[in-house]
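Colleague: So you can see what is in the structure, the chains are spelled out below.
4 protein chains.
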Amino acid sequence: MIRSEIKIRVRYGETDQMGYAYYGVYAQYYEVGRVEAIRLLGFSYKEVEARGILLPVVDFTINYKKPAFYDDEVTIVTSIKQMPEGVKLPFEYECFNAAGELLNSGKVTLVFVQKSNNKITAIPDWFYNALKPYFS
Amino acid sequence: MIRSEIKIRVRYGETDQMGYAYYGVYAQYYEVGRVEAIRLLGFSYKEVEARGILLPVVDFTINYKKPAFYDDEVTIVTSIKQMPEGVKLPFEYECFNAAGELLNSGKVTLVFVQKSNNKITAIPDWFYNALKPYFS
Amino acid sequence: MIRSEIKIRVRYGETDQMGYAYYGVYAQYYEVGRVEAIRLLGFSYKEVEARGILLPVVDFTINYKKPAFYDDEVTIVTSIKQMPEGVKLPFEYECFNAAGELLNSGKVTLVFVQKSNNKITAIPDWFYNALKPYFS
Amino acid sequence: MIRSEIKIRVRYGETDQMGYAYYGVYAQYYEVGRVEAIRLLGFSYKEVEARGILLPVVDFTINYKKPAFYDDEVTIVTSIKQMPEGVKLPFEYECFNAAGELLNSGKVTLVFVQKSNNKITAIPDWFYNALKPYFS
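Chains as they are written, first to last, in this note's numbering: chain A, 1 to 136; chain B, 1 to 136; chain C, 1 to 136; chain D, 1 to 136.
Treat the hints as calculated values from the structure; they're not laboratory data. Model, not experiment: these values are computed from the prediction. Check each hint, because a few of them may be wrong.
If we take Cβ atoms under 7 Å as the criterion, some of the chain C residues that face chain A in the derived model are [said to hold, decoys possible]:
1. 15
2. 16
3. 17
4. 19
5. 24
6. 42
7. 43
8. 70
9. 126
Where is the CB? At the ideal position from N, CA and C, for every residue including glycine.
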């Protein structure tokens, strides 16, 4: 499997008037997490787009256990647990605070889209080959 | 059931470099939707907090069918389909573009929290009584 | 001069833990304001881009007098006070709350950029001609 | 003077359909910059609030020279150039890309506010004393 960890700090502008990191901000945190997970493959998400592939999100689920607060350091653990087949790329997430408490867990599924014609496409060979060593 | 509709326009700052309304922005759109749904009960979400109740999100799920684009008018349809019991308040959503195409559908579950002690609490009577006429 | 008014409601996700609409959110509110001001010219900002012109921001200044709070209705007054000449398009702003109190005032200067070569360009004739009737 | 540097990476959700980091996102970047600058004083901005002081923004000015793009590493240089007197705390900023090019420069002025009564107040002694060694 692929597993990456990245730490981010909750920004003031990301809090809401409850004093929580706004529930919607985790869409961005998860995105930061998967960008780092993809970097493990030897290319960046930026390069993926440069190679003509877009990866829009088709499903996003998140279960919140505890809030994060302003200036908290949040560890985002991002995993690809099974070798992707077909057109989809599923990520699993867990966020933890500095005390190691689980803040939330979730899933985001991306789909491979050919930029030139905006059509869903099978996982490109170069992407498949970069993933494969992690699942043997 | 409760059902509300509100139209919002995609802001430039909400687009991403794919030209899509960023997938994370729907957390805010859904929040705008449920705020309008709650207003149907005769009080605002602001008043809910003033009465000592917070409604943080415990679950959020969204399935994306089509992107919205800059300046698109998006209709957010928000529903409470069953009379809430216990501590949770579940909302269902559908977003449509101006052509009536379904952009995405989703669910958000809120939980009643007593502001004074930060504990989960049963739906307050005044909230329950305001909801009840919609489910008879 | 050109003058447009639009009302927006402060979203929960736009508040911060002070309970204020986050200071950075006005960049988006001002953008919403100028999009409506441009619509008065008979075309949308979306069409401006479709005609090959981008309008990135080169200067942004804002002075905050009072905060807006969650669910407040904010009126954004956007003006172009002088006929633009050259390459720049300057907007002036005032935001008011429902009590008519000035929340903040500011300026945003856009610059005309040719999308095809990414170079700064003089105001296009069609844009100039649409503005002119407002400044006679 | 006080001077801090912090690097952040442009998130996908921070880009707009021009492919630029949205002009409004720098309000957050500057906020991240001053939070790090304040940490040099031996306390965090979180502790400032815990000590009963809020620091809302009263002025924000930014001049954009070049855009940042998705996944760019942006260095935010934050400075307090003069010993603050009275009720205001002014920060100056410069953002650079990885090539060392200036992206933008700006100023943000904060004001000391007593949380208990929501009134503007002179710089507290403990804040003044923490700043003083940097300006001798």
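Colleague: All hints, please: hold or fail.
Modeller: Against the structure, the hints:
no.	hint	in the structure
1	15	4 Å, holds
2	16	5 Å, holds
3	17	4 Å, holds
4	19	4 Å, holds
5	24	5 Å, holds
6	42	30 Å, violated
7	43	26 Å, violated
8	70	6 Å, holds
9	126	29 Å, violated
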